[in-house]
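**Q** Build out the structure end to end from the sequences listed, making use of the hints.
Next come the chains, spelled out residue by residue.
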Amino acid sequence: MRRSLLASAALAMMASAAHADMKVGVLMGFTGPIESLVPNIVAAAELAMKEATESGAFLGGKKVIPVRGDSTCVDAAAAQAAAERLITSDRVAAIMGADCSGVSIAVANNVAVPNGVVMVSPTATSPAITTLNDRGYFFRTCPSDARQGEVLAMVVTARGIKEIAVTYTNNDYGKGLADSFSNAFEAAGGKVALSAAHEDGKADYAAEVGALAATGVEHLAVFGYVDKGGKGIIQASLDAGAFDRFILADGMVGESLIQAIGEALDGSVATAPGSDSPNAKKFIAAAEKAGIKGDSPFAGEGYDAAALIILAAQAAGSTDRAAIQSKILEVSNAPGERIGPAELGKALELLAAGKAINYQGATDVELNGVGDSSSPYKEYEVREGKFTVVRIH
Amino acid sequence: MPVDLVNALVLLANFVVVPAIAYGSQIALGALGVTLVYGILRFANFSHGDLMAFGTMVVILATWQLQSRGVSLGLLPTALLALPAGAAATIIVSLAADRTVFRFYRLKRSAPMVMSIASVGVMFVLNGVVRIIIGPDDRSFSDGARYLINAREFRSLTGLEEGLSVRVSQALTVAVAVVAVSALFWFLQRTRAGKAMRAYSDNEDLALLSGVEPDRVVRMTWIIAASLAATAGTLYGLDKSFQPFTYLQLLLPMFAAAIVGGIGQPLGAIAGGFLVAFSEIALTYPYRKFLRYLLPEELHPDGLAQLLSTDYKLSVSFVILVVVLLWRPTGLFRGRIA
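Residue numbers (our numbering), protein chains in the order written: chain A, 0 to 392; chain B, -9 to 328.
Please keep in mind that the hints were generated in silico from the structure rather than gathered at the bench.
Among the clues, some could well be false.
What follows is a set of in silico ranges between Cβ atoms, one per label pair, in the way DEER data are often shown [to be verified]:
#: 1; chain 1: B; residue 1: Leu85; chain 2: A; residue 2: Glu34; range: 35 to 43 Å
#: 2; chain 1: B; residue 1: Thr90; chain 2: A; residue 2: Lys385; range: 49 to 57 Å
#: 3; chain 1: A; residue 1: Glu198; chain 2: B; residue 2: Val(-4); range: 33 to 41 Å
#: 4; chain 1: B; residue 1: Leu97; chain 2: A; residue 2: Thr30; range: 42 to 50 Å
#: 5; chain 1: B; residue 1: Gly125; chain 2: A; residue 2: Lys345; range: 41 to 49 Å
#: 6; chain 1: A; residue 1: Gly55; chain 2: B; residue 2: Ser58; range: 24 to 32 Å
#: 7; chain 1: B; residue 1: Val313; chain 2: A; residue 2: Asp265; range: 44 to 52 Å
#: 8; chain 1: A; residue 1: Lys385; chain 2: B; residue 2: Gly64; range: 26 to 34 Å
#: 9; chain 1: B; residue 1: Glu287; chain 2: A; residue 2: Arg390; range: 38 to 46 Å
#: 10; chain 1: B; residue 1: Ser58; chain 2: A; residue 2: Glu34; range: 39 to 47 Å
#: 11; chain 1: B; residue 1: Ala173; chain 2: A; residue 2: Thr30; range: 54 to 62 Å
#: 12; chain 1: A; residue 1: Pro38; chain 2: B; residue 2: Phe175; range: 48 to 56 Å
Computed footprint of chain B on chain A; a stretch qualifies when at least three of its residues, placed anywhere within it, have a C-beta under 8 Å from a C-beta of chain B [said to hold, decoys possible]:
#: 13; region: 115 to 128
#: 14; region: 231 to 240
Take a look, some chain A residues computed to stay more than 10 Å from chain B by CB distance [as the list claims (entries may be wrong)]:
#: 15; residue: Asp133
#: 16; residue: Gly188
#: 17; residue: Arg390
Quantities reported herein were computed from a predicted structural model and do not represent experimental measurements.
From the three backbone atoms N, C-alpha and C, an ideal C-beta is built for every residue, glycine too.
**A** Shown next as structure tokens:
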């Protein structure tokens, strides 16, 4: 009895493996501190999968099926359990995710890399990921904060700001960004009067602001989360009259900040990944047709992350995990025909015909040797209570 | 007075004195509730912080209702109108907790420690209820004017370099605390029920023999403690922000305040509240700028001149607690409810 059960199970597995569709894990924080950002990113990623499936050109007509898992953004144990489930039980070919830097590192180190499964994160921006010992299995379509720090330092220096106080959320993201900004700013001749961490989720940030204000500088850089401590710091600064000009990073660019603070933010500057290239515009239009907000943060990165996995599988001619890993850099970089967003069908056909492609996608993806993207940043200034794009870096 | 001295004092007022007075009033109101329950019912009530969260939650829900109907108090926050509803709900919950949990142990004359542990259970239940009803996130419910004086206005008004800002919520906290404390002392000193409560606290058996009705005293105690909890919680939420778990963190400063003042002593709770608040803020404030105004150039500090990093703010009350228990375990004011 047991033997026949085993045999039929094995048969069923072989049968499903024979004309199996490709499952792709979508490991994102459906709950947690960025739960409001995630739905758009996931929708964009699943849009790319749908596009590949509907083209009929993916590995001779196979489907790409998303399987969702909750990374929670902050709970490494929960994220690892979800990844474990995707890899061993759902048997995904690769994972689109995870989202926040801390859980992404944990999942890569403990689950994905040991199992030989590719991860492509759209949002994990910590510089620490660049030096992650990932055996080439971790990629990201968002740029590293090592670059955002440099861009921010350039923006700040260009505005004639010589001295600045920095406060960051006490985690991989905040610390990494604060370090890279401070280094770049000091290399450009600026002075960081104080760089202090803040904890998220406090009721009151008056003491933290008091310490930052005691430096006597006029500008405060806030590298935190818009719905958490970052907002509290800005509110407390304005309340005490300590600072009224802020330098913000991507975690702080959100409408909820404007709603909470209002016009007192005018004159503050911010950076976030993004561009206004033709490809970006094309993606926004394509996303809108599918009912997705394409210009919301990291939506383009989400689309590109999923697209890279699909194209790598096509280039390898199989949904084998190691084969996908070997092709990611090849499809994302030159040489080859440039592929924009909503052109996955064309790209799949080119690859099937044995031609090389250079995937550009929604964010002009270009991956370097360690799997980091070097896509551009938008510089925003708050004018009349609105984040207005003033320049692209 | 030289301008530098005025600047230094304004700076200190803005970052230390004004915030500490508001925070101290909030702690004092909370500690009063803790101390009353300890003095009369004879146990440390760990559920007091979550009682505050519960009261504030009801106030928030009622405030949203009022706001959606277009009711407002103009410059004052609408939450003041909703406060009676919050207090009433908190009274009902605490009386229910007493009837279902604490009465059982009281009738058995259980040790105070047993009742305190039972109150931890009540704390967890209340904590869960609040999270289920309103969720764990940050909720904002303040409206009306934000500032009494804002730093920028103060600067242009006085021509000083330093600004002083006083928020409406801070002024309101102090005003409400003064009213609530005066009413409480009047009640305890002048009314028959208040005298009965003091008698019961002094000597339970003697009070019973003299015809004091114990159930009535217990009920009055919970009604007062719950009203204070709802008021303190709402003022804290208005002044800072409402998140259910921050009220759990308030438990430590509140107990420190109650014990420093001499537990069971209403006056002590108020003094303790201000002592804890001023220590927390004054010890973690960096005096760099302050000293720069006062000292001659060559003595200017390079560092922040900060005694403790702001990360250690919560531990200040813990240290105060330990020091008081070691050197003056009875607290600043001795004895039972005066």
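**Q** Taking the hints in turn, state whether each one holds.
**A** Evaluated hints:
{"no.": "1", "hint": "B:Leu85 - A:Glu34: 35 to 43 Å", "in the structure": "holds (38 Å)"}
{"no.": "2", "hint": "B:Thr90 - A:Lys385: 49 to 57 Å", "in the structure": "holds (53 Å)"}
{"no.": "3", "hint": "A:Glu198 - B:Val(-4): 33 to 41 Å", "in the structure": "holds (35 Å)"}
{"no.": "4", "hint": "B:Leu97 - A:Thr30: 42 to 50 Å", "in the structure": "holds (44 Å)"}
{"no.": "5", "hint": "B:Gly125 - A:Lys345: 41 to 49 Å", "in the structure": "holds (46 Å)"}
{"no.": "6", "hint": "A:Gly55 - B:Ser58: 24 to 32 Å", "in the structure": "violated (52 Å)"}
{"no.": "7", "hint": "B:Val313 - A:Asp265: 44 to 52 Å", "in the structure": "holds (48 Å)"}
{"no.": "8", "hint": "A:Lys385 - B:Gly64: 26 to 34 Å", "in the structure": "holds (29 Å)"}
{"no.": "9", "hint": "B:Glu287 - A:Arg390: 38 to 46 Å", "in the structure": "holds (41 Å)"}
{"no.": "10", "hint": "B:Ser58 - A:Glu34: 39 to 47 Å", "in the structure": "violated (25 Å)"}
{"no.": "11", "hint": "B:Ala173 - A:Thr30: 54 to 62 Å", "in the structure": "violated (45 Å)"}
{"no.": "12", "hint": "A:Pro38 - B:Phe175: 48 to 56 Å", "in the structure": "holds (55 Å)"}
{"no.": "13", "hint": "115 to 128", "in the structure": "violated (count 0)"}
{"no.": "14", "hint": "231 to 240", "in the structure": "holds (count 4)"}
{"no.": "15", "hint": "Asp133", "in the structure": "holds (33 Å)"}
{"no.": "16", "hint": "Gly188", "in the structure": "holds (20 Å)"}
{"no.": "17", "hint": "Arg390", "in the structure": "holds (29 Å)"}
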